[in-house]
Structures are given as structure tokens and as C-alpha cells.
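Enquirer: Which chain is which? The protein sequence lines are A and B, in order.
In terms of our numbering, the first sequence opens at residue 34 and continues consecutively.
In terms of our numbering, the second sequence opens at residue 98 and continues consecutively.
Simulated from the structure, these hints should not be mistaken for lab results.
As the structure is a prediction and not an experimental result, all values here were calculated from the model.
Any given hint could be a false lead.
[As the list claims (entries may be wrong)] Lysine-lysine pairs mimicking DSSO-like chemistry, simulated, CA-CA at most 30 Å apart:
| # | chain 1 | residue 1 | chain 2 | residue 2 |
| --- | --- | --- | --- | --- |
| 1 | B | Lys-139 | A | Lys-98 |
| 2 | A | Lys-40 | A | Lys-98 |
| 3 | B | Lys-165 | B | Lys-98 |
| 4 | B | Lys-98 | A | Lys-98 |
| 5 | A | Lys-40 | B | Lys-139 |
[Stated by the list, open to error] Chain B stretches covered by chain A per the calculated footprint, using a threshold of three residues with CB under 8 Å from any CB of chain A:
| # | region |
| --- | --- |
| 6 | 119–132 |
| 7 | 194–205 |
We put the beta carbon where it would ideally sit given N, CA and C, even for glycine.
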Amino acid sequence: SAVISQKPSRDICQRGTSLTIQCQVDSQVTMMFWYRQQPGQSLTLIATANQGSEATYESGFVIDKFPISRPNLTFSTLTVSNMSPEDSSIYLCSVQGTGTGELFFGEGSRLTVL
Amino acid sequence: KQEVTQIPAALSVPEGENLVLNCSFTDSAIYNLQWFRQDPGKGLTSLLLIQSSQREQTSGRLNASLDKSSGRSTLYIAASQPGDSATYLCAVDTGRRALTFGSGTRLQVQP
């Protein structure tokens, strides 16, 4: 398994500001994933982040809105830029465990935009 | 495009009942299928992972089956307890290592 820590766990932000979410893993992993869970909805993949290369974004998500950094094999950040109330969601970081393909998730970062 | 559906959307049962949660997916070319549990406001806890070559996996009171050809999986919970109350999510990996999720089944076990 993998232990994933996310910061902040929750935050309340003003419209038009940006917030950076951090994800720290207790082991080196090749691929990290960022998901969004809007209120009452299931999870949607935002992007896949590999160390040393640009993140790959899913349809409907763009780098200008959700820039991602992946400076090493244990850490990644997701920034939510120019926030609006529609960005209020839980943002979750995920990594794949070694061998089985099982995915593990952090506790999530609950973002409320006023 | 892979789509994952979970039925029922919500379920309320008395403590001690055995229950079955259903998951279906449209593209049978999957790498694996995973069941998760999510408590309100929390992240996801992995319950069971079934590889595409497997038929079922068991962990304690949980048993998950996979019928890839028909695009179906079930999660069986034996002797349900109030602590089992949560949302249960099914997700498939089509080989990209990223998951496509169903909308979940919200389970309430009444004491």
C-alpha cells in the first residue's frame, strides 16, 4: 500500500484567487493522478502527472486552470486558478501501488469558493 | 468511452442482512476493477481489487466478483453492520492506470 498526505485538508477561498494543493507519498511512484469530486458526484480524473514530463489532462480540463507540478517521485502539486464557486469540490491525489495496479487515495482537499 | 453504472443508488437495510451491490461497465476490455469505500467528507479506502483474469476476490465479510464478458461486477457484504454505512464506489482501469468511476451506492445499515 501507499500512504498519501494531502494539504490543506480543507480551505475556504474567495472568488478569483488561486490555491495550491500538495500531495506527498511515502514511497517513490511513477504516476500520480489528480481527481475532482464535485458535491454529490463521483470522481472525475483531472490529469495524470509523471515525473519529468508535462501532465496529461483529460477532456474538459486545461493547464491554465489546473497547473500541476511533479518535481520528484514522491511529491506533486495541483493549483486551482482563478477560482469560482463552481470549483468547490474535493480534490484527491491518487497513486498506484507497486505490482498489483491497485490505486490508493489521499484523504482529499475540500475546497469551498465563496 | 468507458461508462460505469452502479445500482442501486441508495440502499437502507437492517443490521445483519447480507446485501449485494451491482456495478456494470460498457467496455469489457478492462485491466482491473476496484471497489472503494468512501465515508462522508473523506477520501477513498480501497476494499478489493480484481484483475481482469480473476473471477472473484474476498476480504473478510466482503466478496467481489467479476464477469468481464458481460461487463458486470458485484460486491457482496455479509452480515452487515452499522459501521458498513458509507458510499461504495466501483471503478475500472482500462489500462491507462487511471480509473473510471461509477456514481456510487450509498449504504445505510440500521442498528
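Enquirer: Give me the numbers of the hints this structure contradicts, sorted from smallest to largest.
Expert: Violated hints: none at all, because every hint is consistent with the structure.
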